[in-house]
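Peer 1: Protein chains in written order, with full-length UniProt numbering: chain A, 1 to 213; chain Z, 1 to 213.
Treat the hints as calculated values from the structure; they're not laboratory data.
Only pairs whose alpha carbons sit at most 25 Å apart, straight line, appear in this in silico BS3-like list of lysine-lysine: (1) K42/Z with K183/A; (2) K42/Z with K148/A; (3) K86/Z with K22/A; (4) K128/Z with K128/A; (5) K77/A with K86/Z; (6) K148/Z with K42/A; (7) K35/Z with K2/Z.
Note that the structure is a prediction, hence the values are computed from the model and not measured.
Number of protein chains: 2
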Amino acid sequence: MKLYGYWRSSAAYRVRIAMHLKGLTFESIPVHLVKEGGEQHKDAYTELNSTHLVPTLVDEDVTLHQSIAIIEYLDDKYPSVAIYPKNIVAKAKIKALALDVACEIHPVNNLRVQQYLVNNFSLQESDKLTWSHHWMNLGFVAIEHQLKLNSGEYCFGDNITMADICLVPQVYNAYRFNLDMSKFPNICRVAENCNRHPAFIASLPENQADAQN
Amino acid sequence: MKLYGYWRSSAAYRVRIAMHLKGLTFESIPVHLVKEGGEQHKDAYTELNSTHLVPTLVDEDVTLHQSIAIIEYLDDKYPSVAIYPKNIVAKAKIKALALDVACEIHPVNNLRVQQYLVNNFSLQESDKLTWSHHWMNLGFVAIEHQLKLNSGEYCFGDNITMADICLVPQVYNAYRFNLDMSKFPNICRVAENCNRHPAFIASLPENQADAQN
Numbered sequence: 001m002k003l004y005g006y007w008r009s010s011a012a013y014r015v016r017i018a019m020h021l022k023g024l025t026f027e028s029i030p031v032h033l034v035k036e037g038g039e040q041h042k043d044a045y046t047e048l049n050s051t052h053l054v055p056t057l058v059d060e061d062v063t064l065h066q067s068i069a070i071i072e073y074l075d076d077k078y079p080s081v082a083i084y085p086k087n088i089v090a091k092a093k094i095k096a097l098a099l100d101v102a103c104e105i106h107p108v109n110n111l112r113v114q115q116y117l118v119n120n121f122s123l124q125e126s127d128k129l130t131w132s133h134h135w136m137n138l139g140f141v142a143i144e145h146q147l148k149l150n151s152g153e154y155c156f157g158d159n160i161t162m163a164d165i166c167l168v169p170q171v172y173n174a175y176r177f178n179l180d181m182s183k184f185p186n187i188c189r190v191a192e193n194c195n196r197h198p199a200f201i202a203s204l205p206e207n208q209a210d211a212q213n
Numbered sequence: 001m002k003l004y005g006y007w008r009s010s011a012a013y014r015v016r017i018a019m020h021l022k023g024l025t026f027e028s029i030p031v032h033l034v035k036e037g038g039e040q041h042k043d044a045y046t047e048l049n050s051t052h053l054v055p056t057l058v059d060e061d062v063t064l065h066q067s068i069a070i071i072e073y074l075d076d077k078y079p080s081v082a083i084y085p086k087n088i089v090a091k092a093k094i095k096a097l098a099l100d101v102a103c104e105i106h107p108v109n110n111l112r113v114q115q116y117l118v119n120n121f122s123l124q125e126s127d128k129l130t131w132s133h134h135w136m137n138l139g140f141v142a143i144e145h146q147l148k149l150n151s152g153e154y155c156f157g158d159n160i161t162m163a164d165i166c167l168v169p170q171v172y173n174a175y176r177f178n179l180d181m182s183k184f185p186n187i188c189r190v191a192e193n194c195n196r197h198p199a200f201i202a203s204l205p206e207n208q209a210d211a212q213n
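Given these sequences and hints, build the entire structure.
Peer 2: Printed below as a string of C-alpha cells:
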C-alpha cells in the first residue's frame, strides 16, 4: 500500500496512526504542500485525488481519499485491531468526537483556508493565529466536556479508538501554534497517554522521512 | 426519537433525509440558530450538545451529535434501508464523497464561521458571498469529477447512498446563494433525481414546521 501524505498534514497523520496501530506495512510518498505552489495541485497527484488534498491511499488497484474514509476502509479490511467497539452507541459517540475534530476544527484551520484569508481578505500573520486559536479553543471546549464524561486512559475508556486517532494530530497542531492548553486537562492527559504508544510515536510528523527542521 | 435541528441547517437536513429514507418516525424540535443570539448557545441545548451545533438526536436515553455519526448509528440500528453497499471499496468511495461535503465545503461556510469573519475581520456581505462561492466551487469541481466516473441515477450507481444524503443539502445551499451550477451537470442531474424521492421532499427546509418565509 502507498500512502500519499505530508509530514505536517494532520489528516495524513491520522491515517499513519491507524496503519501503524493495525501493523500494516506501507510506503509513504511525500506530497509537498508548500513547495512550488504545492505538489498537491500537480496533474500527477490530482489524477489520484480530485480534491487537491492529502492523504490518498493506493491499495493495489484501489485509490481512496478522505482520511476518515481511508481509515474506516482499512478497519473493514483489517478488523483485527478494531478502532471502534461493537456497541453501536459507544461507536457513535466515538465517531462524533472524531468528527468534532475532522469537521469543526481541522477544515477551518486548513492551510488552503488560511492562504485564502491572507490572499483575499488581507489578513496578517497575527490574524491567522487569532483565527486558528479561536476554532481550536471552541472545538476543544466541546471535546474536553465529552472526555470528562467518557475518557479513561484514552478518549473513550481504556482502548484506543478513532477519537484518539483524530484528536492527537489536532493536539499536536495546538502545541505547534502555542495554544494555551491548560484549560483542557483531559485532552492533554489522553494525548500524552497516546503519545507513549509506538503507533503514535512512529506517526509523529518529525519522524517522517520528509520532515523538515 | 427526537431530532433537534433547524430548517436551514444542512447538517440537520442530512439526518432528516436518512430518517425518512429508513421510514423512521421522529419528532422535530426546532433550535433557532439566529433568534436572540442563537438558541444553540442556551443551557437547555448545550446540556444535550456541547458543540453548540445542530443536529442532536435523542433516542430514549441515548443523546448523539454530529450528523454523520447520527446517520451511521441509525444505519447500524435500522439496517433495512442501507445507506452503504456491502462492498468495502464502494462504501469507502461513497464515504469519501460524503466527507468532501461534510469536511471540506460545509464547515468553512457554516453560519458561525461567516459570523466570525464579519465580526472579527470586518468582512462585508459581498465578501461572505465570495467566500462561500469559492469553497462550494472548489468542492463541487472535485465531486463533479467523481460523479463523472461513478454516478448512475444517484451519486454512486442507481441506489441512494450517504453521498446523496450529504450532497443534496449542499446543492440546496448552492442554489440559495446563487452559485453558477452550469459547470456541474452531473451534480445537478443527481440532485434532481434525489429531489423527486419522497424522503428528500419531506426533508426540504421549506417543508419543516419552523420554516420561515
